[in-house]
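So the sequences go chain by chain: U and F. Each residue of the first sequence is one higher than the one before, counting from 2 in my numbering. Each residue of the second sequence is one higher than the one before, counting from 5 in my numbering.
Keep in mind that the hints are not guaranteed to be accurate.
Claimed, not checked - Examples of chain F residues toward chain U, derived with CB under 7 Å:
1. R54
2. G99
3. L147
Claimed, not checked - Which chain U residues stay away from chain F? Per the calculated CB distances, all over 12 Å, these:
4. E21
5. P23
6. S52
7. K62
8. P75
9. E77
10. D117
11. A121
12. A122
13. K136
No wet-lab data here; the hints were simulated from the structure. For every residue, glycine included, the Cβ atom is placed at its ideal position computed from N, Cα and C.
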Amino acid sequence: MDELDGAIVNALQDGIAIAERPFAAPAARLGTSEAEVIARLERLLSEGVLSRFGPMYDAEKLGGALCLCAMTVPAEHFERVAEQVNGFSEVAHNYEREHALNMWFVLATETPGQIDRTIAAIEQRTGLSVLRLPKLEEYYVGLKLEVQSLEETT
Amino acid sequence: MVTAAGAGLKTLERELVGAIQAGLPLAPRPYAEIADRLGVDEPTVRARVRDLLEAGVIKRLGVVVRHHELGFVSNAMVVWDVPDDRVEAIGRALGEAEGVTLCYRRPRRPPHWPYNLFCMIHGRERESVRAHIEALRAQTPGLRDVAHAVLFSGRRFKQCGARYGEPGLARASVEGHDHG
Chain U
2 MDELDGAIVN ALQDGIAIAE RPFAAPAARL GTSEAEVIAR LERLLSEGVL SRFGPMYDAE
62 KLGGALCLCA MTVPAEHFER VAEQVNGFSE VAHNYEREHA LNMWFVLATE TPGQIDRTIA
122 AIEQRTGLSV LRLPKLEEYY VGLKLEVQSL EETT
Chain F
5 MVTAAGAGLK TLERELVGAI QAGLPLAPRP YAEIADRLGV DEPTVRARVR DLLEAGVIKR
65 LGVVVRHHEL GFVSNAMVVW DVPDDRVEAI GRALGEAEGV TLCYRRPRRP PHWPYNLFCM
125 IHGRERESVR AHIEALRAQT PGLRDVAHAV LFSGRRFKQC GARYGEPGLA RASVEGHDHG
């Protein structure tokens, strides 16, 4: 990633104005061309730095639900359980974390009722119990990770 | 596919939600391409996308990053056991603190899990993330003396995105650094 890549990622994380040619104004602000912004976004997507360019939906407003879940998985079974859990399409992401509760994943389902059904299915498939930690209150959601701030924190 | 069941959206808005969930076309006139696909005109597509943004169905329209690939390889879930009558004030203060990428209240699950306040801190290395957490404890009223734990992430087994399976609500509504 070069400086212009970083500037594009920073500028477009906040959101892009809805316009007939949405890339034209950010390109002008960054001192480059619309075609260059589009080409770089394509490259950053293909490199996997960006997962997509598009909408971030509010799952609940679409009738869906999210739930953070945690499991205590014996070390010798970790790989198998990770494979079993990730096999569910409702699992959005899954991280190993350093704690007795060592597997943390987020479920995203199209209806609230599917959360319980999915958890029951995961428990049955893995033979382990799942701790539900749904969000009760949201105090802050920062949607942006500044590329520049990497330099500042080191 | 996102079906938007029960969300009270009109037919065109539902089609639009599905049409752009995997991303906008990377083209000079992306809304014109979507309009062609849906058989409507371009200004209508833009107007409906604007409606979805105003209604909060779309929280944001822009690039979605993979934080790990951007170099934020050290991510810590920091959890706190805060008195229930103070959790709102402390949560808001913590959420406003520099470097906190999200802050939620969640239920305690005794005996396994005594913590009711969650936040995430992302950085390039553990040492700086730890120093940041110590600074938060020192500066945020109410956090200095409460029990807390720092759960650094180890392996990442799955992060929603084009590489994994079918696009769906999971992919379209969870940020890589978000925790629902």
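How the hints compare with the structure:
Restraint check, R54 (chain F) versus chain U: the minimum CB separation of about 5 Å is within 7 Å; hint holds. At about 3 Å, the closest approach between the beta carbon of G99 (chain F) and any beta carbon in chain U falls short of 7 Å, and the interface hint on this residue holds. The criterion of a C-beta within 7 Å of any C-beta in chain U is not met by L147 (chain F), whose closest approach is roughly 13 Å, and the hint is violated. Residue-level check failed: E21 (chain U) sits 6 Å from the nearest beta carbon of chain F, not beyond 12 Å.
With 12 Å as the threshold on Cβ separation, the claim that P23 (chain U) sits away from chain F is violated: the shortest Cβ distance comes to roughly 7 Å. Remark: the non-interface label on S52 (chain U) conflicts with the geometry, its nearest Cβ contact in chain F lying 4 Å away (cut-off 12 Å). A cut-off of 12 Å between C-beta atoms contradicts the statement that K62 (chain U) is not in contact with chain F; the least separation is 5 Å. Annotated as non-interface, P75 (chain U) keeps its C-beta farther than 12 Å from every C-beta of chain F; the closest such distance is 15 Å.
The beta carbon of E77 (chain U) is kept farther than 12 Å from every beta carbon of chain F, the shortest such distance being approximately 15 Å. Distance check for D117 (chain U) against chain F: the nearest CB is about 15 Å away, which clears 12 Å, and the non-interface claim stands. The claim that A121 (chain U) is not at the interface with chain F holds, since no C-beta of that chain comes within 12 Å of its own (minimum 17 Å). Under the 12 Å C-beta cut-off, the non-interface status given to A122 (chain U) relative to chain F holds; the minimum distance is some 15 Å.
With a cut of 12 Å on Cβ distances, K136 (chain U) falls inside the contact zone with chain F, its closest approach being about 5 Å.
Hints 3, 4, 5, 6, 7, 13 from the earlier list are contradicted by this structure; the remaining hints agree with it.
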